[in-house]
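Asks: Letter by letter, the chains look like this.
2 protein chains.
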Amino acid sequence: MSMNPSAPSFRTGDCSDCPIRHRAVCARCDDDELQQLEAIKFYRKFSAGEVIIWAGDPMDFVASVVAGVATLTQTMEDGRRQMVGLLLGSDFIGRPDRSHVAYDVTAITDVTLCCFRRKPFRDLLMATPHIGQRLLEMTLDELDASREWMLILGRKTAREKIASFLFILARRETLTDGKAGGTSITFDLPLTREAMADYLGLTLETVSRQMSALKRDGVIVLADKRRIVVPDCKRLLDETGDDADGGVLA
Amino acid sequence: MSMNPSAPSFRTGDCSDCPIRHRAVCARCDDDELQQLEAIKFYRKFSAGEVIIWAGDPMDFVASVVAGVATLTQTMEDGRRQMVGLLLGSDFIGRPDRSHVAYDVTAITDVTLCCFRRKPFRDLLMATPHIGQRLLEMTLDELDASREWMLILGRKTAREKIASFLFILARRETLTDGKAGGTSITFDLPLTREAMADYLGLTLETVSRQMSALKRDGVIVLADKRRIVVPDCKRLLDETGDDADGGVLA
DNA sequence: CCGCTTCCTTGACTTGGATCAAAATTCATG
DNA sequence: CATGAATTTTGATCCAAGTCAAGGAAGCGG
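Quick note, the sequences are listed as chains A and B, same order.
Numbering-wise (this note's numbering), the first sequence opens with residue 4 and increments by one.
Numbering-wise (this note's numbering), the second sequence opens with residue 4 and increments by one.
Note that these hints are calculated values from the structure, not bench results.
Careful: at least some of the hints might be erroneous.
Facing chain A, from chain B, some residues (calculated, C-beta under 10 angstroms) [claimed, not checked]:
#1 Q77
#2 R84
#3 V87
#4 R101
#5 E145
#6 L146
#7 R150
#8 L203
#9 G204
From chain B, some residues computed to sit far from chain A (all C-beta separations above 12 angstroms) [as the list claims (entries may be wrong)]:
#10 D20
#11 H25
#12 D33
#13 D34
#14 Q39
#15 F45
#16 R47
#17 K48
#18 L192
#19 P193
#20 S211
#21 R212
#22 K218
#23 R229
#24 R238
Ideal placement from N, C-alpha and C gives every residue a C-beta, glycine not left out.
With these hints in hand, go ahead and build the complete structure from the sequences.
Replies: This is the structure:
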């Protein structure tokens, strides 16, 4: 495991300086609400590879991902693993109404969390409208994403799974960077082949083979094994098996 | 498609008489809030097999399932289908913040919905705390369920998938009926083999074969092809591949 | 009661992805 | 920069589930 390439220059610890201020659970907070949140918040950092919490452990905080990538995974007794969540900047971790976590939460890159003690956070949720409203919206988005993922897991071929995964990353890249339209996209793969396999319900060998196949067919170009160039997004979309005209997201 | 065996004796249309009053989105409402909800509600009925809304269609209401079973499904261009939600009594349909649905919603049995016009409902959500709080809790539960489902889709064998599905139904039966403990459980299968296949990411032939295998091995007894008897729940649980001591749910 | 349709079961065969095995790259560290 | 560990690629083989095909059972309308 290695460094976080895009470490945020976020030093003051002041909400007004926060890179996820307008996308996270606090997005809609007014000054007063923000102040109340600020009173119960604290930062925690985890290095790449570190486990943030184990499934079943008590969790006395909830948190927003400020920077880095974390995963939620479930593991069966015999070691089979399935990733059930991929957490990026501004995503929320934990349930305000539950003291225990249901999944292993792992830092994939170096991760910075903005944590809130659970009880006070829950009280704030009851007392102020804007946090709950935003959290509801984010949770509904998560639910939609997990349902898209179900289609991938249940019905797509290995090649389509890989293409879909790459397309999701590429789409996110376009959104964050704001640069739309341009058909060519470059981005970093935050996951190992094994983690991709856990995400997609495949083995790492199959992931590797399909990546090679997509490369061979010119759908993607691998600069640096973890750095992906998609010369033509439309071409990649064709490989996902999804309806071309965005029907899936409607 | 046929009748709904357990049609509710719910005639007045009055919330105080409602079978899902204390489990649905209105569960926490006080008298005043309930009155406001009552002002914008209306009932709609759908017969078994009927499509409630098509993916991509505009939807000017949200709703609670009062009675019956409905499904959310995604369909790919070439006809591959994946069920992404199974909606039972008290479950919620739609997003207050979206005017279009992302999935086909279908009545599997006869279904009664308690609908709220979307805009007024959204306003109510902003104005009163209890509806949003309950909706958040329900959405988080849905998200957990869909993540459990992902593990099933991504990593379990066909036999484990079937066993897991039956176990989920059996568990729900125990909860609603309140009768805990007793190892033997009987319940109706609300889905056809094909719908089960869509749920589990299998073909209907594989579902049929695995059902036969579980019957042959004495894990289940089929009274009436749709009426399942589970003589020993522990035995069924063993077949799901999940951790025996509830570790999965923690 | 007959014929039709829908749903379910079972059999024979094929195949996509898993498994097993080994080698090639990449990366970290003394 | 040599050594060893981790990660990735590729090949050979196998098997669980898909596909194709044929019947059987249940329910329904005439």
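Asks: Check the non-interface label on D20(B): least C-beta distance to chain A beyond 12 angstroms or not.
Replies: 28 angstroms, holds
Asks: Holds or violated: the hint that Q77(B) contacts chain A, with Cβ atoms closer than 10 angstroms.
Replies: Holds: closest Cβ of chain A sits about 5 angstroms from Q77(B), inside 10 angstroms.
Asks: Would S211(B) pass as off the interface with chain A, using Cβ distances and a cut of 12 angstroms?
Replies: It holds; S211(B) is separated from chain A by about 18 angstroms at its closest Cβ, greater than 12 angstroms.
Asks: Grab the minimum C-beta distance from R101(B) to chain A and call the hint holds if it beats 10 angstroms, violated otherwise.
Replies: At about 8 angstroms, which falls below the 10 angstroms cut-off, the nearest Cβ of chain A leaves the hint on R101(B) intact, so it holds.
Asks: Classify the hint on L146(B) as holds or violated, based on whether any CB of chain A lies nearer than 10 angstroms to its CB.
Replies: 5 angstroms, holds
Asks: Does D34(B) sit more than 12 angstroms from chain A, CB to CB?
Replies: Non-interface label on D34(B) holds, nearest chain A Cβ at 19 angstroms vs cutoff 12 angstroms.
Asks: Hint R84(B) vs chain A: min CB-CB distance below 10 angstroms?
Replies: 7 angstroms, holds
Asks: Minimum Cβ separation between H25(B) and chain A greater than 12 angstroms?
Replies: At roughly 17 angstroms from the nearest Cβ of chain A, H25(B) sits farther out than 12 angstroms, so the non-interface label holds.
Asks: Regarding the hint that R150(B) lies at the interface with chain A, is the smallest CB-CB distance below 10 angstroms?
Replies: Holds. Min distance 4 angstroms.
Asks: Regarding the assertion that R229(B) does not contact chain A, is the least Cβ-Cβ distance greater than 12 angstroms?
Replies: 23 angstroms, holds
Asks: According to the definition I'm using, a residue is off the interface if its beta carbon is farther than 12 angstroms from all beta carbons of the partner; does K218(B) meet that for chain A?
Replies: 24 angstroms, holds
Asks: Run the C-beta distances from R47(B) to all of chain A and say if the shortest one exceeds 12 angstroms.
Replies: 22 angstroms, holds
Checked against the numbered hints given earlier, this structure breaks none of them.
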